[in-house]
Amino acid sequence: MTAPPYDPTADGGLQEQFVEQWRDAAYGCFSSGHKFCREVCPVMQVTRNENHTPTAFHANIVAMEQGNLTVADVADDYVHCTQCGACELRCPNTLFTGDFYRNRTQTVKVVKAMRALAVQSGIEQPNWKRWVEATIDAKSEPVLDVPVSQENVARWSEGLGLPIGGETILFVDCEAAFYRTSVSRSTAQLLQLAGVDFGLMREQWCCGGPAAEMGYTDAARQLADHNVADWRSYGAKRIITLDPHDYISFTEDYVEYFRPDYEFEIVHITELVAELIRDGALTLTQPIERVVTYHDPCRLNKRKGIHASPREILRAIPGLEFRDVDHVTPWSYCSGGGGGLPIEKPEITAEISRRRLARAKELEVDTLVSACVWSERPLAAAGDEQGIDVRDLMELVAESAGLDPRGVHGAAGPQQEVPA
Amino acid sequence: MTTFVAIRDTVVDKLRAILGDESVLTGKAARYNRTRVPAPFPVHRWAEYVPDLVVLPRTAEQVSEVVKLANRERIPVVPRAGGTGLNDGALPLKRGIVVDIKRMNQIKEVDLVDRTVTVGPGINMLKLNEELRKHNVMFPDDPASYPCSLVGGRIGTSGWSLIGGRYGHTRDLVISFQIVLPTGEIIEVGDGGGRKIRKSSSGFQLKHLFMGHQGTLGIVTEATLELVPRPEMEFAAFFHYPSYTAAWESTGALAKSGLASLGGVVLFDEYKLRYLRRDDEAYIPRPDHVRAVVATALYGTRDEVEPAARRIMRIGRESGGTYLGDEISSGDWASRHDRYATPLHGRLDTGEVVPMSWHCEDASINYSQLPAVMEKWHAITARYAEKTGILDDWGMFAYTNGAYKPWGDYLTEIDIGIWEQQLSDDNWPDWVACKREIAQVALDHGGSITACHGATREGDAELIPVEMGGGFDVMMKIKAALDPNNIMNPGKYELDRAYGLDEKVFR
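If you're matching them up, the sequences are chains V and C in order.
Note that the numbering used here has the first sequence beginning at 1, numbered continuously upward.
Note that the numbering used here has the second sequence beginning at 1, numbered continuously upward.
Honestly, I wouldn't trust all of these hints.
Unchecked claim - With beta-carbon atoms standing in for the labels, derived distance ranges:
#, chain 1, residue 1, chain 2, residue 2, range
1, C, D430, V, G67, 57 to 67 Å
2, V, A281, C, R314, 52 to 62 Å
3, C, M233, V, G280, 43 to 53 Å
Unchecked claim - Listed next, the in silico DSS-like pairs over lysine-lysine satisfying Cα-Cα at most 27 Å (straight line):
#, chain 1, residue 1, chain 2, residue 2
4, C, K256, C, K108
5, C, K94, C, K108
6, V, K129, V, K139
7, C, K68, C, K127
8, C, K108, V, K361
9, C, K127, V, K304
10, V, K109, V, K304
11, C, K196, C, K134
12, C, K207, C, K376
13, V, K237, V, K304
14, V, K361, C, K134
15, C, K127, V, K361
As the list claims (entries may be wrong) - Covered stretches of chain C, as calculated for chain V (at least 3 residues, CB under 8 Å):
#, region
16, 120-129
17, 151-158
18, 169-180
19, 203-214
20, 221-234
21, 307-316
No lab work stands behind these hints, which were simulated from the structure alone.
What you are looking at is a predicted structure, and each value in this text was computed from that prediction instead of being measured.
By construction, the Cβ of each residue, glycine as well, lies at the ideal position given by its N, Cα and C atoms.
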């Protein structure tokens with residue numbers, strides 16, 4: 001299928017502006033030509049289709065500048081990305097002279113921008129469209145067949161007596177609030193046990209990150225505006241995230257939306273819990289008799305460089321045999337759960353998770369521990385196939401701290417259908 | 001006279017029947033992204049080199065059926081592996097079908113007894129070695145593109161390895177392979193027969209005929225590769241010198257050491273040091289009297305490498321070198337795949353920073369000729385840089401070139417930055433002329449115009465008949481015999497002449 005040539009008058013110059021913004025960054029990749037990104041890309045490893053490579057994502061912009069391609073020609077290719085950031089790390093331009101020239105290859109931003117251009121140009125992916133519409137409608141992502149609604153957004157915390165508002169807020173991701181509530185209950189009770197004062201939001205809406213990742217910038221901004229207003233209404237200063245995707249939204253997207261007036265300290269739970277254990281505020285006494293390895297969530301390790309604190313926590317759990325690999329080898333690993341991929345291309349997500357579990361199996365472990373609730377659904381499905389239990393780090397920490405957090409950790413199953 | 005016809009819908013239907021719908025790509029993005037390779041091509045004329053469609057086969061039988069169909073229909077076929085070549089091997093000059101073999105990336109057999117691994121041609125060496133590590137063996141083909149190039153492309157270009165002095169280069173490390181001929185037959189080639197036999201005197205040595213064929217003689221669909229023990233020890237040493245001449249003399253002394261564990265010796269010239277130091281003090285933060293650098297690396301068992309390292313250090317120092325220290329030696333050698341050409345250092349004469357594309361021109365040059373060739377290449381580059389205003393001399397390397405006997409000739413490279421955004425019909429001929437003059441210097445000094453990239457592109461290709469002499473007539477006869485309809489990567493290597501065509505390589 002071939003789209004007609006680009007007519008700049010037809011889209012109000014949208015594509016022209018996009019090319020103008022990204023052309024030199026794209027040339028930085030195009031002209032390097034190394035393609036070292038390709039074999040670490042989790043999607044490319046599965047599809048082996050050069051259209052889905054980070055180099056293609058940049059080269060397309062050069063071709064658009066020449067008038068050879070339009071957004072319609074390439075929109076589907078850009079669906080094939082989990083926004084894990086491995087390509088950026090592996091790029092020689094980033095690795096060797098990036099610091100000096102303040103240059104970082106920004107493929108994730110390019111993918112988000114191209115997806116946004118597609119949406120603005122009226123080229124929408126049907127499942128993403130429905131997903132974002134349902135999110136705006138219910139204010140939370142349509143993660144499951146359980147009622148996803150404002151009335152239920154804090155139901156996971158029943159019986160915990162958590163206050164509303166305060167200086168420190170625990171932001172509970174949609175998947176953790178509705179699907180894998182054992183993660184949110186474990187986290188909340190650990191913080192209570194350690195004496196951390198915190199509250200929940202008056203009205204928590206989706207962080208907006210997934211909408212932004214799928215190219216729906218207006219929807220993302222609408223959700224972000226609400227959340228920041230909610231935080232400000234009781235003078236919140238510090239936001240604790242338990243999901244790495246939220247951590248990205250609050251430390252990257254929100255900063256762009258609200259700067260220079262963005263006053264919040266954003267803390268990821270693994271950093272905080274490692275500190276609480278180090279300071280003696282949390283004592284892990286109950287042995288966990290498991291042989292585990294750790295899945296570095298892409299948004300923690302590859303995108304934020306957070307790989308030490310989860311390992312520190314695992315090593316503090318008595319009874320646990322932790323078979324670690326370095327944090328660089330897993331640059332090429334992923335669950336496939338990010339960037340909206342499981343919503344449009346669930347079969348690719350499933351295969352990426354399958355390969356991740358196969359790596360774990362080589363280490364002869366019985367459990368794969370993650371620290372990203374979005375990764376845990378596809379990983380658990382693959383784990384069921386391969387006889388490996390998939391647990392969240394906070395679930396194990398809570399157990400070792402002697403807590404009985406209850407909550408469900410959602411039965412592994414196929415990604416849920418998006419309501420039509 | 002062979003002529004090509006546009007691909008008809010019926011052909012597309014037949015391809016879908018062979019491969020399945022999902023493995024026949026006709027979209028524009030798929031085709032544009034199978035056109036370019038890292039080496040600069042006339043990017044301003046990108047649209048002229050776009051293939052008609054792309055297929056993603058999974059088996060040799062599918063490749064064979066595609067080639068048979070193309071041969072019947074007289075459609076050009078261009079195989080594509082990693083598309084990381086520094087030449088135009090994978091660039092479809094005459095449109096047609098690109099056969100992208102990336103999905104043929106299986107490890108089919110690891111034989112730890114007879115020490116081979118059999119793979120599909122779409123596998124990458126880094127990925128292969130990740131799997132082989134658990135058996136404590138490796139496939140030691142180590143080009144600069146180690147993290148991204150694929151075995152099929154290594155065979156297609158007859159690649160060169162950074163540690164080839166110790167372990168050999170691609171031709172030494174690929175024991176045998178399966179290839180689909182231009183008429184669709186699937187054959188196995190080695191030294192003689194025997195998929196795992198390294199040395200034979202049976203018949204013609206067909207492996208060497210097809211090694212470096214640049215897609216003009218068929219499509220490799222499986223390869224049986226050498227396994228070597230993972231080295232117990234790696235030792236790298238970098239030395240600096242007050243002049244290129246001093247470094248060149250030291251390079252000769254190190255290369256002739258006779259140490260079996262010597263992976264290679266690399267000579268960085270004064271231009272390369274100046275380039276690497278542009279703005280960026282991270283690279284070799286040394287005073288101005290550091291003008292040239294030589295790097296060496298040893299691989300093998302501890303019993304071999306420890307005494308060899310002492311000897312290398314002694315030779316390096318006695319031949320005028322000053323050791324650059326453990327940090328630079330081990331660190332820079334470890335980053336050898338990524339380090340030495342970054343577009344971010346690109347500069348115009350005025351000092352303006354522009355996004356420049358890395359082009360690397362290579363040749364095989366005897367040791368005795370290196371200083372003269374170095375001077376001539378820089379002079380040519382300076383002349384065209386001034387004339388075009390879009391070129392930038394990024395310096396030269398010379399690497400030991402021979403497998404196991406790394407002293408007689410050198411893979412010699414000049415890196416040239418090109419501001420591709422400014423390429424046009426006006427300055428493209430200047431660039432081609434620059435390349436051709438560089439290649440001619442190699443011939444004038446008794447060398448070969450390429451050690452590992454291949455010479456299929458304009459500026460090189462027209463000199464292949466000159467370099468090969470009477471051998472080029474043999475090449476044409478072989479090409480015409482194996483590929484009667486000139487469907488395999490037509491237009492490359494001036495081989496169209498075998499069919500009475502006298503077209504320029506680039507239209």
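Checked hints:
Here the CB-CB span from D430 of chain C to G67 of chain V is close to 25 Å, at odds with the stated 57 to 67 Å. A hinted range of 52 to 62 Å holds for the C-beta pair A281 of chain V and R314 of chain C, which are about 58 Å apart. Checking the proposed 43 to 53 Å range against M233 of chain C and G280 of chain V shows it holds: the Cβ atoms sit about 44 Å from each other. A distance of roughly 39 Å separates the Cα atoms of K256 of chain C and K108 of chain C; the hinted pair therefore is violated under the 27 Å criterion.
Only pairs whose Cα atoms come within 27 Å are accepted, and K94 of chain C paired with K108 of chain C is rejected, the gap being roughly 34 Å. Between the alpha carbons of K129 of chain V and K139 of chain V the distance comes to roughly 15 Å, so the proposed pair stays at or under 27 Å and holds. Restraint check for K68 of chain C and K127 of chain C: not satisfied, since their Cα atoms lie roughly 32 Å apart, outside the 27 Å limit. Note on K108 of chain C and K361 of chain V: the hinted pairing holds, with a Cα-Cα distance of about 20 Å set against a maximum of 27 Å.
Taken as a hint, the K127 of chain C and K304 of chain V pair is honoured in the structure, with Cα atoms around 25 Å apart against an allowance of 27 Å. Restraint check for K109 of chain V and K304 of chain V: the C-alpha separation of about 15 Å stays at or below 27 Å, so the hint holds. For a cut-off of 27 Å, the pair hint linking K196 of chain C to K134 of chain C stands: about 22 Å separates their Cα positions. Pair hint K207 of chain C plus K376 of chain C does not hold up; C-alpha atoms about 36 Å apart against a cutoff of 27 Å.
Straight-line distance between C-alpha atoms of K237 of chain V and K304 of chain V comes to about 21 Å, which keeps the hinted pair within the 27 Å bound. Simply put, K361 of chain V and K134 of chain C have alpha-carbon atoms about 14 Å apart, close enough for the 27 Å limit, and the pair holds. Restraint check for K127 of chain C and K361 of chain V: satisfied, since their Cα atoms lie roughly 18 Å apart, inside the 27 Å limit. For the region 120-129 of chain C, the stated coverage by chain V holds: 4 residues have a C-beta nearer than 8 Å to a C-beta of that chain, and at least 3 were required.
With 0 residues bearing a CB less than 8 Å from a CB of chain V, the region 151-158 of chain C misses the requirement of three and the coverage assertion fails. Under the rule that three or more residues need a Cβ within less than 8 Å of chain V, the assignment of the region 169-180 of chain C is violated, with 0 such residues. Only residues whose beta carbon comes within less than 8 Å of a beta carbon in chain V count, and the region 203-214 of chain C has 0; fewer than three means the coverage is violated. Check on the region 221-234 of chain C: 0 of its residues sit with their Cβ under 8 Å from a Cβ of chain V, so the three-residue criterion for coverage is violated.
Counting residues of the region 307-316 of chain C whose beta carbon lies closer than 8 Å to any beta carbon of chain V gives 0, which falls short of the minimum of three for the stated coverage.
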